[in-house]
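Visitor: Listed here are the chains, written in short residue letters.
Protein chains: 4
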Amino acid sequence: MAYEALKQTVWQANQDIVEAGLVEMTWGNASAVDRDAGVMAIKPSGVDYDTLAPDDVPVLSLETGERVEGQLKPSSDTPTHRHLYRQFTGVGGVVHTHSHYAVAWAQAGRAVPCLGTTHADHFYGPLPVTRAMRQEEIQSDYEKNTGAVIVERFREQDLDPLAIPGVLVNGHGPFAWGADLDAAVENAIVLESVARKALDTYRIHSDAGPLDRALLDKHYLRKHGADAYYGQE
Amino acid sequence: MAYEALKQTVWQANQDIVEAGLVEMTWGNASAVDRDAGVMAIKPSGVDYDTLAPDDVPVLSLETGERVEGQLKPSSDTPTHRHLYRQFTGVGGVVHTHSHYAVAWAQAGRAVPCLGTTHADHFYGPLPVTRAMRQEEIQSDYEKNTGAVIVERFREQDLDPLAIPGVLVNGHGPFAWGADLDAAVENAIVLESVARKALDTYRIHSDAGPLDRALLDKHYLRKHGADAYYGQE
Amino acid sequence: MAYEALKQTVWQANQDIVEAGLVEMTWGNASAVDRDAGVMAIKPSGVDYDTLAPDDVPVLSLETGERVEGQLKPSSDTPTHRHLYRQFTGVGGVVHTHSHYAVAWAQAGRAVPCLGTTHADHFYGPLPVTRAMRQEEIQSDYEKNTGAVIVERFREQDLDPLAIPGVLVNGHGPFAWGADLDAAVENAIVLESVARKALDTYRIHSDAGPLDRALLDKHYLRKHGADAYYGQE
Amino acid sequence: MAYEALKQTVWQANQDIVEAGLVEMTWGNASAVDRDAGVMAIKPSGVDYDTLAPDDVPVLSLETGERVEGQLKPSSDTPTHRHLYRQFTGVGGVVHTHSHYAVAWAQAGRAVPCLGTTHADHFYGPLPVTRAMRQEEIQSDYEKNTGAVIVERFREQDLDPLAIPGVLVNGHGPFAWGADLDAAVENAIVLESVARKALDTYRIHSDAGPLDRALLDKHYLRKHGADAYYGQE
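Chains as they are written, first to last, in the working numbering: chain E, 1066 to 1298; chain H, 1066 to 1298; chain G, 1066 to 1298; chain L, 1066 to 1298.
Isolated chain E (complex conformation) (with noise of 0.2 Å):
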């Protein structure tokens, strides 16, 4: 029993990911890794969240995937969120829901602009889409591969993940993270308001361009990095 408070973190994302309504039915995992101890933990497959207590969260070894600690099968994503923990060396927490926007611009392959402050004080350029995953990589290592096309589509437009920490799964859904699991949990619920935002916008016009770069580096930066002054510290 030796990883108390992972559990206990991974347990408490996963409540509150259904709490701010980003959850229907059992579609949602939130995982978080513990980077000195080489296990992340991730909420157990299709298990209600109600019916679900700290213990019954799996543990598995970062580096092979197999299970340290726990009963329960893990969530059938883990594939997933474990190579985005590999490959993404700041990641500390990751979350993946079938949240109803989101998942509106996934199944649409669009990228979500930012067309406004909102998505700016959060995500440093448009959330991501990944391209088509071929058929052999859905029949095989499925999981794994989704993780790979996204950290593909960062290497390839050469993004920073903690400057954008979402992503659009062509067709699926989206996956968000952040440095620990609560900016990961954080960047799951705006990821779904700015994806909101963001529709609704091109509902009243379908032309609105992208906000001014002048503003996506004033809204970020007076936020994120170096001279942040907004918050109290």
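None of these hints come from the bench; they were simulated from the model. Incorrect hints may appear among the rest.
No distinction is drawn between identical chains; accordingly, a pair holds when it is met within one copy or between any pair of copies.
What the hints assert, rightly or not - With a straight-line Cα cutoff of 25 Å, these simulated DSS-like cross-link-like pairs (lysine-lysine) come out:
id, residue 1, residue 2
1, K1209, K1138
2, K1138, K1288
3, K1288, K1209
4, K1283, K1138
Please arrange chains H, G and L on chain E, whose structure you already have, making use of the hints.
Guide: Here is chains H, G and L on its own, set in the frame of chain E:
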């Protein structure tokens, strides 16, 4: 008082569809069948959900449609439910609602395309819509004929009712079903969710294509059938 | 203190329309008539719903419009309600709100077409919209003239106010009514629901046709009139 | 501890805008001015609403912007609020949120047209949108310049800030105000409501015209000004 468990199941499901937000006013009814006993039970017609008690649930002969237990008239949609049970022999429960987004697609006379993995996880292809009914089908035996056009659509397109456990009745609204009534309730909830997701996907990209066949297979089959690996079993 | 029951009914309905989600701020008012006594009662003007008590409900002469009981000024929309009672002699209750979707259709100046059976179950044809009011109708006796353009629309199109128990006032919002105030409240709720369903139907298929006449007849007449067979009576 | 009443008012309003559904995360701030004392009070920056206490509310000099009471840094939007108080001398309270529909119009860079009486009851004409800010206005004194472009829009169009008590900041979101902070909160709620109603009106009829001038006058003036006859006074 022979059918306590059946009536309790039906009563509970009629509460569950309200709780799930699928029902406005009294527009919804859930039923279940006991094939060994040759009976079905269904919500009574036009009764408020909050005054409904399990003993109010009428029980009918599956063969003749005659009431065998209960004081109240069954839902006016009973002949539709009964026709489905008689034609779709693997079905154990049926749910009909006027849930908003499913009704919008039904009123538009359009099938809900499979645009993403949320849909593919539960329905193995588009949600079909029935053809418009003919005047004589409306004027005589309307509710039974509603069932008949559903069955016609499934037969015509060679669809398996347990792989695509729901339908839109043209100009009317959704019916969902399942191997038992719990599954039917879940499918009614998911049907509404994917109808909403499809609508907003088209608002972002009016020509969004259907999900790749390989992804549809992957998602449906990882939750259903012999090689399923989702959940704890 | 002669009209306790009437005031209680009106008070309750004004709570019910808030509970049903039809009212933002103080934008809504319900009234009822007692034709034997020659009086009507209506919500007072600009009073918060949660501080309103049954005894605050003013009672007016149906003939003269003068207050016969109560300390508070009646709703500024009172002359509209009174005109409807005087012209539509089968009406026992009237509800006015600024419910969202009905307002959107009213602001668009468009009647809500009958696109499905939900609509047909309650309204025997499209929900009409009044013509734009003329400058002199606005500047003098505005609220009474609001009633007059409603009545004009029903007379002109030869509509039965009890078969189509609601209307959209152009650029303004919905009025609904019924044989009694309970029916008026129900019709106000359904009017909002079918306005929303019609809007989303058009988003899926902008040329969605009206419901077949045979289906309109079937659904309206199975709930209303001599051959009705819906519900327990 | 000289400004108890002012801080209490500001604290309450910051709770009220959350309760009214205008605030996601911590995106919103309400302030009030005491012109006799030459001070304003505003929500502190980036603090959760549910841990905020009245004594946490910082008080600032209206003249210099310097903090005169309180331990916490004021909202980063403080210079915008302060500029509005200094330029719009009849204003007693200001509310800024990222409420969904108002943000969608702001991101679209479009004024909200007056399409109905709900709008006309509260805003005496379209809700204006500011021009895009220039790079130098963004990079230096951004928050004060946000106030400046608001004031510029009102001066340029010769608008009375108390007759049109709100604005959309281009690419950002709404500010609302009023003679006191209660009125500002109410105006922020109504601004969001009419932004939503306008959007859905355009979805039904993309060329819906503005409300007739005579109706705009009638509705605005029956609630405001010398001849108002709405409410109990």
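Visitor: Given identical chains, is K1283 near K1138, meaning Cα to Cα at most 25 Å, within a copy, between copies, both, or neither?
Guide: between (45 Å within a copy, 19 Å between copies)
Visitor: Measure nothing new, just compare the shortest in-copy and cross-copy C-alpha distances for K1138 and K1288 to 25 Å and report within, between, both or neither.
Guide: So K1138 and K1288 pass the 25 Å test across copies only (14 Å; inside, 39 Å).
Visitor: Can you give me the call for K1288 and K1209, within, between, both or neither, at a CA distance of at most 25 Å?
Guide: Only across copies: K1288 and K1209 sit 17 Å apart there, 33 Å inside one copy, limit 25 Å.
Visitor: Using 25 Å as the alpha carbon limit, work out where K1209 and K1138 are close: within a copy, between copies, both or neither.
Guide: within (16 Å within a copy, 45 Å between copies)
Figure legend: structure checked against the earlier numbered hints; every hint is met.
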